[in-house]
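Chains as they are written, first to last, in our numbering: chain A, 1 to 783; chain B, 1 to 783.
Keep in mind the hints are simulated off the structure, nothing from the lab.
Treat each hint with caution, since some may be false.
The list treats identical chains as interchangeable, and a pair is accepted whether it falls inside one copy or across any two copies.
Said to hold, decoys possible - Capping the alpha-carbon separation at 27 Å, the derived lysine-lysine pairs in DSSO-like fashion look like this:
1. K544 to K266
2. K310 to K296
3. K769 to K296
4. K414 to K594
5. K310 to K154
6. K721 to K296
7. K188 to K71
8. K721 to K308
9. K729 to K203
10. K490 to K730
11. K262 to K203
12. K414 to K734
13. K782 to K757
14. K465 to K543
15. K782 to K768
16. K123 to K734
17. K296 to K123
18. K594 to K748
All values reported here derive from a predicted model rather than from experimental measurement.
Number of protein chains: 2
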Amino acid sequence: MGVRKEAIYPVQEWEITETEFCRETNYRNETTFSLSNGYIGTRGTYEEAYPFDVDTGLEGNFVNGFYESEKIRYGEANFGSPLLSQSLLNLPNLKETRIYLGEEEFSMEAGRTEEYARVLSMKDGVLTRRLLWTSPGGRKVRIEIRRLVSFDMKHIIAMQYEILPVNFSGTVRIVSVLQADVENHTRKTNPIVDYGPFGRKLKPLELWADNTEIFYKGITQTSRLTIACGSIHTLSPSESAAAVSHEAHACDGAIYFEVQGKEGEKITLEKFICYASDRDAAEGSLDTFVSDMLRKAKARGYRQLEEKQKEYMHQFWETADIEIEGENSMELQQGIRFNLFHVFQSAGRDGRTGMGAKGLSGEGYEGHYFWDTEMYVLPVFIYTDPEVARRLLDYRYGTLEQARARARVLGHEKGALFPWRTINGEEASTYYPLGTAQYHINADIAYALALYLQATGDLSYFKEKGAELLIETARVWADAGSFAECRGGKYCICSVTGPDEYNVLVDNNFYTNLMARENLRDAVNAVAYLREQDPACLEALEKKLGFSMDEAGLWERIIENMYFPYDEARQIYPLDDGFMMRRPWDESRIPPEKRAWLYENYHPLFIMRHRMSKQADAILGMYLHSSLFTEEELRRNYDFYQEVTLHHSSLSTCIFGIVACEIGYVEEAYRYFADSARMDLDDYHNNFYAGIHAANMAGTWQAIVNGFAGLRCCNSELHFKPILPPLWKKYTFKIKYRGSLLRVCVEKDRLEFTLEKGESIQFYVHSKKVRISEEGGTYIEKV
Amino acid sequence: MGVRKEAIYPVQEWEITETEFCRETNYRNETTFSLSNGYIGTRGTYEEAYPFDVDTGLEGNFVNGFYESEKIRYGEANFGSPLLSQSLLNLPNLKETRIYLGEEEFSMEAGRTEEYARVLSMKDGVLTRRLLWTSPGGRKVRIEIRRLVSFDMKHIIAMQYEILPVNFSGTVRIVSVLQADVENHTRKTNPIVDYGPFGRKLKPLELWADNTEIFYKGITQTSRLTIACGSIHTLSPSESAAAVSHEAHACDGAIYFEVQGKEGEKITLEKFICYASDRDAAEGSLDTFVSDMLRKAKARGYRQLEEKQKEYMHQFWETADIEIEGENSMELQQGIRFNLFHVFQSAGRDGRTGMGAKGLSGEGYEGHYFWDTEMYVLPVFIYTDPEVARRLLDYRYGTLEQARARARVLGHEKGALFPWRTINGEEASTYYPLGTAQYHINADIAYALALYLQATGDLSYFKEKGAELLIETARVWADAGSFAECRGGKYCICSVTGPDEYNVLVDNNFYTNLMARENLRDAVNAVAYLREQDPACLEALEKKLGFSMDEAGLWERIIENMYFPYDEARQIYPLDDGFMMRRPWDESRIPPEKRAWLYENYHPLFIMRHRMSKQADAILGMYLHSSLFTEEELRRNYDFYQEVTLHHSSLSTCIFGIVACEIGYVEEAYRYFADSARMDLDDYHNNFYAGIHAANMAGTWQAIVNGFAGLRCCNSELHFKPILPPLWKKYTFKIKYRGSLLRVCVEKDRLEFTLEKGESIQFYVHSKKVRISEEGGTYIEKV
């Protein structure tokens, strides 16, 4: 038991390797080898810029938060339907580098390519391509290209292109290109939408080249955002350049390096690319900003930037890596690291950008941020890199104004309602039953915030931003439902969509009601804490938000009286009020090729009227608040949902796996985990070309740490209930908690907890309180 | 008590009169004075063709069933979303007739207009305009223009234009124009849609003129339908024509009649206009078809056509008129006749067209047919002109194939699902929560059919078409729900929208479940009847539909086990499962100017989460099947819905009025009735410009006959429970029933039933069986 599909790439601990160039798998591989630093994202495309069509490849370069808008058209628009789209814009490409040996252009589609390997070093955060190429005319060269998107200099992509003439001497031309005639593939990556940045959307404002630099500045037509980008070059040995020339047109430019190549002597071109937007510098000084940045990068040189990159990445792995040992564990190990690598590199880190459901790896979902960030990704960062978690929360806090305005559009006089999908903080979902109706996004954000506060103890964040966010989200819950006489005065929330996208516009979605209650509880606690500890802070909030303590009184009433659907016969919590009443799902009526694509093949009403669930919904709520349920309850509910859930979302199996652990269904848990670990690496959903599934990737971490190791944070305290999958000998991971670093190692008959950093730590293992009182201290439990 | 607004037009028994030409009220008046025969519709525009803009007027000429399609764009399309729109197309105008006295063109915006009256004679079906005009240069003419859309010749509009020079002799020029450069006002009349036949959609195929005729043929760009139209003229005295000339361009043409006008001598131009489409004749022979039709009309002459028109209309009024006597009754009398007139003239009569919610009076709702036809309009025709009712049912039967295909799209393997809005039989609703989800359309059509069969006893129709329609609609109900364990095995229907458009995608909508059950019952009875009486017919159906008797067994189980939401505390039937749980509606939170326009000012989720109802929903079901409820039950439910219903639909008040009668709330009933009677005539909704509200207009008839007189048809038997509104002395109406004509007269202390035609009739008055056994016989009951 393990993976469900043969591995696409060789199974390696720390690398992903492409062993041949192949047009058919190119589009997918571009995602696999995509690099990012949370600010810039660039797809794993080739420097030769092969002319792929819309089905075989997409040159993609993105800057987090940089989008274009189009007028959205509706069959019938509703009040509050977003009028403008937000699509992560595909930006000018500067990676393009063409090589000519005499008149022969290097292309892997001509001549003969040998010793080919493209390697993503996940450990180092560097992508390398090596090959030996013989031109049709018989010239032989070794080529090695290195590429990284710098964590140290967030505006910089650094490249190093080495050419070694093996059997000839003669003219070698290197052409470094800036190509701004680019466009999104919206129709391919978002087939359901009929708008989008079709065609070239950047209007060029400036484009020039000289013999070392190329520069471009352009502005989007509707969103009116300005991007500037450029590249700078170092050729070595510098004396080898026989001639350098350049040209610049409206939408492209190039520098031509002509070199007298000598057999056995390596030519190296270092190339630094910079992207910056009018968020980084005023439009008028963007030229200087980019130029300065490029010169700085050039001065440091490729090698130094790569060293820094490794340092940064090693630091990440030092905390975040999960090691497993056991049968076939290498495949899983590779999957885990692949997932962690992409999650890590994709997260916005500047406090004004979030993390797209596809990271910055492709155009899928238009680059939008969803709840995926808070419920799947944030817990990983909270325990491994809380600084990144904080910056992602900052992004949400920074869009509170838009969320307040949105709450008004939805008829709430107070509070803030976060958008279901967005880049700029405004709602971009064009189909509200699967979009705005997912009010749970509010509670999801509050949940992640509360978890961050608990795990870090970051009180100043709580006072500065956290309390406000908790209050503003809670207020919408207090207005969205009502105490229903016909339900014994319980608080009911109607007409929402829970996480499960096959059951839309329902009443009393279990997950939503549960999460809303906890959102309210966190807000009540926040207010109570401030009243006790920092009345001035509370007063300031009261003033700023027009908030009064009466509201907290109402919240308490709601908390005490929240309604939950309950099925007496089965003693389970149905998904919502109407779930049990629906027609039982009969998959035999669905042709196999349509089974995983219901919305593509069936009318929403057909889907809605059946008793089945797309993904973890009530079960997710029970995982997040598992201390509120007995194991017996969890088991009954799990058994029920196990039967009715189709797992048609990539966000589902990892959650089921976690709950399966909790109730002792270890085999099932392992199956789910394995599914999650290599889902993207082996492209289970056949849509990896459009970008990574960030939520599931983060879910893999959770499946181990929260699943197998049973980590929960309850009233700011850590609880573990570790189990070991039968096929494994051992697994190890680390988590950060209130400034400490705890290493956890689970073996068949032995649990080991080590306080790697920090003065002392307290936690629970299988409900037993454990305290390690000095750095380096260890707690060992024989099982 | 009576009408809620001052009358716009003078209160007259049989006429609607416009007493001045006024640009501000023109758009509305164009609807008031629109004429139709169910095939052609032409708005009440002026012959002078004033250049009104999109806010002040719309020259509109329509042919029932003639539409153009556009690709519909969606923010996010669903499987099964209609891809092409259907919009009743605005066709070339031929009414345009310009008059020149010397060089001075007649225009009511120049010179002086006196003795002005535009009169719609509802009794005759003729529109007349008379005036005395003095040109700026002092020439005085009397003008009288008569216009009718012929019931006798369905392709013909006939006009007579009389000019009497009062104080001068000299050249009078008459220009008869064909203007094909026309377009729809979709953006104004359907502000919510972002598609539509914007711009000129007919591609001219042919346009010619000679000295008596003009002809045009054009084809739509997307729906590929061909229209031909033309006009023919008779000038008299014929010798007065000094010169006749003509011209024809790509999109317009004209005939110029130059006349030596003499003081005191009348010049008359008769003009006959014909419209025909490729449904009337093969495209190649449309020229001949139109030409022949025009020559026939011309040969008969205007006067004869007007005589025929009167004959036809008088015949209609002979059966359909409702007379009332009492305080202020004239206002209501006028409203009733206005409503009946428009309903009568708007209905498609050729079996391949239906009746638009706006008739053929404007572009509102894109000219679509809705359930309005079956639930509001058909009962009126069934009792007054069953032949028209049958033709409207024929239209639905004729689109069964499209409805079957639609059922498949919705995932039903058997049966037919009729579209929520359509022209050509295919679904045209672009927002399924308010469109396709209104499955009740199926039961509505079945209800109207069953009522037709009961009231007419038309067995051959039943066998030929009726049984098939009942079976095919029933089959969808048997697949849409399921026997829900959690509801004691009762049959639940989830995720539908009832008539109430503020509560969408609900579970167990009371109206839907009730109507579905009765649809199934009618189907069961149909099958049982055929098995007994005509096994060959049943066998043919079994073969044609792949129907088996097992299905009828399932239907019976569903009938016995249909679930209905019930509120124990209040002992009422809530609108649906979730209705009672919603937030109570607090109108004080809604600014007055937004109260009647919720969808324009509030997000659907805001509307959905509140406990209020847009229109009669459960109450409508209780009216249609009132024999299933006790008076006490009706009263409790009425009281409840009275409180929560906002009557934001024009389909609401007439139904509440009917139920109010049944439970003895006479004053309230009267108030509702008055509201309905003059709703359009006095433009209560301020949107009459876009077209009539046909459903409410028909609802006025129902409010009297089914309301005050309490008519119900139960197991094919008629029941009356007449009451007299306190302000009235008397009201009289007639109904057709199984070939007989019954006159009903209700006075304060006396009920009189007369069998005007037919050999005998049996019915119930306040549950007492009455039989009149000879033509002319009378039953009188003193009260």
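With identical chains, the pair K465 and K543 could be close in the same copy or across copies; at 27 Å between alpha carbons, which is it: within, between, both, or neither? Only inside one copy: K465 and K543 sit 15 Å apart there, 71 Å across copies, limit 27 Å.
Please sort K296 with K123 into within, between, both or neither, judging by C-alpha distance up to 27 Å. within (25 Å within a copy, 91 Å between copies)
Identical-chain pair category, K414 with K734, by Cα at 27 Å: Neither way: K414 and K734 sit 41 Å apart in one copy and 58 Å across, limit 27 Å.
Since the copies are identical, ignore which copy is meant and state whether K414 and K594 lie within 27 Å (CA to CA) inside a copy, between copies, both or neither. Intra 44 Å, inter 20 Å, cutoff 27 Å: inter-copy only.
Treating 27 Å as the Cα threshold, decide for K490 and K730: within, between, both or neither. neither (48 Å within a copy, 53 Å between copies)
Since the copies are identical, ignore which copy is meant and state whether K782 and K757 lie within 27 Å (CA to CA) inside a copy, between copies, both or neither. within (23 Å within a copy, 102 Å between copies)
Within, between, both or neither, where K123 and K734 count as close if Cα-Cα is 27 Å or less: within (17 Å within a copy, 90 Å between copies)
Within, between, both or neither: how does the pair K262, K203 come out at a Cα-Cα threshold of 27 Å? Neither, since 43 Å and 70 Å both go past 27 Å.
Measure nothing new, just compare the shortest in-copy and cross-copy C-alpha distances for K188 and K71 to 27 Å and report within, between, both or neither. For K188 and K71, the Cα distance is within 27 Å both inside one copy (19 Å) and across copies (20 Å).
Alpha-carbon proximity between K782 and K768, which holds within one copy, between copies, both or neither at 27 Å: within (13 Å within a copy, 91 Å between copies)
Since the copies are identical, ignore which copy is meant and state whether K310 and K296 lie within 27 Å (CA to CA) inside a copy, between copies, both or neither. within (19 Å within a copy, 93 Å between copies)
Within, between, both or neither, where K729 and K203 count as close if Cα-Cα is 27 Å or less: Classified as neither: same-chain Cα gap 58 Å, cross-chain 77 Å, threshold 27 Å.
Checked against the numbered hints above, the structure violates hints 1, 3, 6, 8, 9, 10, 11, 12 and 18; every other hint is satisfied.
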